[in-house]
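Here is what each chain is made of, one letter per residue.
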Amino acid sequence: MKPPPFAYVTAESIEHAVAELARSDGEGKLVAGGQSLMPMLNFRLLEPSVLIDIGKIPDLTGISETGDGLSIGALTRHVDLETSHLIAQRFPVLTEAVKHVAHIAIRNRGTFGGSLCHADPAAELPMMAVLLDARICVSGQGGNRQIPADKFFLGALTTDLEEEEIVTRIDLPYLPESTGWGFEEISRRSGDFALAAAAATVSLVDGKISEVRLAVTGVDDLPLRIRAAEDALRGSELDDAVFSSASQIVRDAVNPNSDVHASADYRRHLIGVLVGRVLRSARSRARGGA
Amino acid sequence: MADKCRVRITVNGVAYDQEVEPRLLLADFLREDLDLTGTHVGCEHGVCGACTVLLNGDSVRSCLCLTVQADGAEITTVEGLGTVDNLNSLQQKFREHHALQCGFCTPGMLMTATDLLSKNENMSDEELREGLSGNLCRCTGYEHIVNAVRAAMNE
Amino acid sequence: MSKSSDGGIDLTRPKIIGAPVQRLEDPRLLTGHGKFTDDVKLRGTLHVALRRSDHAHARIGTIDTAEAEEMPGVVGVFTAELLDALTRPVFATSKMKDYHATPVRALAGGKVRFAGEPVVAVVAQSRYLAEDALAGIEIDYTPLEPVVDPEEAAADNAVKLHDHLPGNVLVARRFGVGDVEQAMGDAPIKVGGRFRFHRKTPTALEARSYLADYDQGTRALTLYASTQVPGIVRDALVEVLDMPGSKLRVIAGDVGGGFGGKASLNPEEILVCALSRHLGRPVKWTADRVEDLISTSQSFDEIVDAELAVDQDGTFLALKADILGDVGAFSIYPWTAALEPMQVAGFLPGPYRVPNFSANVRAVATNKAPMGPYRGVGRPISAFVLERLVDMAAKKLAMDPKEIRLRNFVKEEEFPHRTGSGIVWDRSGFTECLERAADAINYPALRKRQAEARADGRWLGIGIASYAELTGIGSRLSAAPGMPINTGTESATISVDSSGAVTAHFGIASHGQGLETTLAQIVAEEMGVRLEDVEIVQGDTSAVAHSTGTYASRSAVIAGGAGTLTARTLRGKIIEAASHLLDVDMADIDFADSLISARGTNKTMSLRELARAVYSQMGSLPGDIRAKVDLQASEFYDPHFGTTTSATHLAAVEIDPETYEVSIEKFVVVEDCGRVINPMIVDGQVHGGVAQGIGAALFEEVVHDVTGQNISATLVDYVIPSAAEVPSMEVHHLDVEAPSTLGGYRGMGEGGTIGAPAAIANALNDALSHLGVEIMELPMTPERLFQVISAAQDGEAESS
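Residue numbers (our numbering), protein chains in the order written: chain C, 1 to 290; chain F, 1001 to 1155; chain D, 2001 to 2800.
Looking at chain C on its own, in the form it has when it is part of the complex (with noise of 0.2 Å):
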């Protein structure tokens, strides 16, 4: 279980990585942390004809403040993440969802950008960038641009890049005070793709509910925001009562596959129990509770 042969080039910008891209006839392949392309390599899924290396372009890692959000580098590494006091502070609901992305020795080189572009459908991080609206900043020959996370996934290891972008940043805007979060997750073994997760953000103002989020993965060919819920939720009471339908209404909503782990009808009934749980989590972290 060897990979095919290949060219490499390591790339000095994001203009060279764009050239070269270009350059391959869409036969190149980007690799950063390379955790999620190397596994496909060795079973010779793919056979690229050059493995251009973004990873050493500078400027693609770091978390900073933008003034309206966390502005992140494509090229930070999962542990970066996972142990960023900035992440930790305005988003805790990503460490958390970090800590579910596989093991350290896959989290000390996977990246966020990479987790994204290969738009695993049970994989964490994608989830995490459609919750929490991120803004996906891609450059290419044509220039740059941003995409929302919701429009960036297409279908199972598809996105909206085309053959030669690059994803250069992820931005996410800041939530409200006093937002909650929740985040679940069930996966077969510690660190396994989930068979399904859920996570959702709840956000009061003067007690009362501004905004709500809830998003899924594992359950459908891309990661979820499951709008309809989010509209039962907001203005409600928040009760139990509203959670359970919000619950029916993921189930009713997600088109999930059926494979040697777990049947469509399991995983639509995990999330159910799930989207609950992060729901009552959100609630209690937003009225203050730990």
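These aren't lab readings, by the way, just hints derived from the structure by calculation. Worth double-checking, as some hints may not be accurate.
[To be verified] Here are the simulated PhoX-like cross-link-like pairs (lysine-lysine), alpha carbons at most 25 Å apart as the crow flies:
#, chain 1, residue 1, chain 2, residue 2
1, D, Lys2015, D, Lys2041
2, F, Lys1004, C, Lys56
3, C, Lys29, F, Lys1004
4, F, Lys1004, D, Lys2041
5, D, Lys2395, D, Lys2448
6, D, Lys2190, D, Lys2395
7, D, Lys2190, D, Lys2411
8, D, Lys2111, D, Lys2160
9, F, Lys1119, C, Lys99
10, D, Lys2396, D, Lys2190
11, D, Lys2097, D, Lys2041
12, D, Lys2396, D, Lys2015
Treat the numbers as computed from the prediction; the structure is a model and nothing was measured.
With chain C fixed as given, assemble chains F and D onto it according to the hints.
Structure of chains F and D alone, referenced to chain C:
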């Protein structure tokens, strides 16, 4: 065949300057080119953890890393810990607690534990098990491994 | 001087046997200096990549290798056409009636019989280049109907895997005792149903690896192999390659776990040997993980229809079972297709008195990887079936599961006890294991806590499993009936060389069990030398004239016995030589900690001085004495029947009532494995066995789709538990010497895997008792729990 690339890598304190094929996995570079066969290959898809080494001090899967990506890096393998006559304290705890049977997962387990211990002074048993959960062992049932790492942590 | 009952051992010295000594293997393994097969580097080695069948069942038409042959670094591309000319097929023969053998060949010819069967071998300068060339091979297959379902495979009109056989049923046997039908008919209470244990694969962390090195000058071939059975492989290769054993050596260096998956002869072992001899170069093949998961022997695949009849007071009256084993495409060498299904039947009566018993056993071929031994061989299935039946009966009688077991165990005064399947249990602590396990977990308090948890809506369950197994099986039984090999004996050769160093040669092959340490403990203590002065040679067919290897919980008992006898003989020679050299009576010679001394004098002698005197200083001993006291001994040990190991496993589990995730809260094992040689190693064996049992109960399953494709061929999809899923365990030993083996040892390498699935199944069942469901299938994955619970809740909803 693709052109070879030059890599300068320091492994266990020794500097190497070699030409390698771009596709050469770091695990195979260590085992085949440098004859450091202590790093074991167990799955080549990033699940079992047997091939774990330290790259600039962080544990990584050497089956999910190209040698060319490690250009300029400092690698530590199990051969870079203690020696047969002078085990380091973690290795010594593994021996005292019988934390290895066939020894195949052991190098990866030691490298992961080294990383965990360097970053966490105090782990609950749950955190410890969670931290080790990316390294599969088929022999020990993990009990003695957890005991050994805990003992090393408490030392 | 005090002596123990079995002679020889000086009790006044600190004991080595029984001490938790640190392992002699560890320093090399902890520092990356172990030598696993794939670590062996020989100059000029060529590497093999295999094109494996992507059909479960198909005729092989033309194979076009022209493009592959031209690819960079390729030395040759080989098919069955050449390999069949270079080798002779080998058959796992048996004297059993109604048994049909199938050939073991290096590469498939004519037909492929499972997806993953090797068809074409590419030999190239590196593994990378060999794999590149696989894409240049064109194979023209004519697909045949895949035979996937074992019941359909067993039908008279089924598509046949092997055209020369009457059908797919490779083994059919029926046996028992008493009149089961009569007893069943008269019984007041009967429980039963269909039990299903799904296919597993042993999944040693080191995948299989073989390196053959043919020396053209001496016409000798050395095979470095990750095998548990170098002796069996060597003897088979003698036939396959038509070479004398003196020219064939199999070396199993450090082996990264086996668990049965490396205990059979494999096609790739034949392949690398034949190709190395053909090419005159070293040839290596190392399985990648996918190859390992699809082609290494698989196990634990049975459908068991079983029924237990009991009296009103819980006394067992009769047990009957119909066992269908799905043995895959071939009858594995040397164990045969009978191995697992027959063991399921043989051990079904368990540690209980069962006056009437009958079993009907069939082994049926399907288009899957062949079934081979896996830790516990059949007994995890028998324990699962029987222990579930026992709990079902207890439930019907409203009797505590512990109580019904105590009522039916073979009692102290009833040993030796012959079971309905013909197995004879020697004295073993059936009752004591259960009582002590219940004490260790504080059973009454746990039941109380369970009642409270249930009142809070929590699904807490407690499961007991008691079992007994035969270990250290001698030549009168042998590990499988009618096989052409002898698994019941071991010999050892121990020598003191001219430098005074002690080397002990054994035929076993350690692959993680720490036998270098435990056998050194036995030899050191029995001989009178320090542990560090003993070198153990094992895992090498050149060590002793006849060997098989390490499997079936035999090595500590049988090799330990051979080591004990040999050490005692050599000790006698050393004392005799010393008495001449020191000029005192033999009775006045002390020999301990590698030092020889004449009691009551200040005369001492090291082993080195003694060796020098015996070997090099002519005249130091009279000629007739010198001939008698050569510093070498060889003895043979046969335990004849073997011994009984038993245990009780007790599990407390909790099921999340919403997500159906299972957590194991407590796991206690109390085991009677006889005299403990090294408690640390023994505990480690139990922990590892239980972890595999947990995998078997909750996680692991080889899944085939309807076309016979293995769809669990990565470690993402074949789920072996990690440190986060395996709980901390509590293990206790009775540490009572076995009555029937030399040294009092009982085998214990497999037991953990036998008890754990049954204990967890019973605990899950107990946790769900309010739903009225029965756990009849393993592994109980979250998906299966979801199905079982949903069905029960739907049923409840309908009836309410």
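A quick look at each hint next to the structure:
This hinted pair does not check out: lysine 2015 of chain D and lysine 2041 of chain D have alpha carbons roughly 41 Å apart, beyond 25 Å. Between lysine 1004 of chain F and lysine 56 of chain C the alpha-carbon distance is near 19 Å, which keeps this suggested pair within the 25 Å criterion. Only pairs whose Cα atoms come within 25 Å are accepted, and lysine 29 of chain C paired with lysine 1004 of chain F is accepted, the gap being roughly 18 Å. Between the alpha carbons of lysine 1004 of chain F and lysine 2041 of chain D the distance comes to roughly 24 Å, so the proposed pair stays at or under 25 Å and holds.
The hinted pair formed by lysine 2395 of chain D and lysine 2448 of chain D meets the criterion: a straight-line CA distance of about 18 Å does not exceed 25 Å. In summary, the hint linking lysine 2190 of chain D to lysine 2395 of chain D is supported, as the alpha carbons are separated by about 12 Å, within the 25 Å threshold. Restraint check for lysine 2190 of chain D and lysine 2411 of chain D: the C-alpha separation of about 24 Å stays at or below 25 Å, so the hint holds. Only pairs whose Cα atoms come within 25 Å are accepted, and lysine 2111 of chain D paired with lysine 2160 of chain D is accepted, the gap being roughly 12 Å.
For the proposed pair lysine 1119 of chain F and lysine 99 of chain C, the alpha carbon gap of about 15 Å is at most 25 Å, so the pair holds. Taking the CA atoms of lysine 2396 of chain D and lysine 2190 of chain D, the gap is about 9 Å. The hint holds against a cut of 25 Å. Note on lysine 2097 of chain D and lysine 2041 of chain D: the hinted pairing is violated, with a Cα-Cα distance of about 46 Å set against a maximum of 25 Å. The straight-line distance between the Cα atoms of lysine 2396 of chain D and lysine 2015 of chain D is roughly 50 Å, outside the 25 Å bound, and the hint therefore fails.
Hints 1, 11 and 12 from the list above are not met by this structure, while the remaining hints are.
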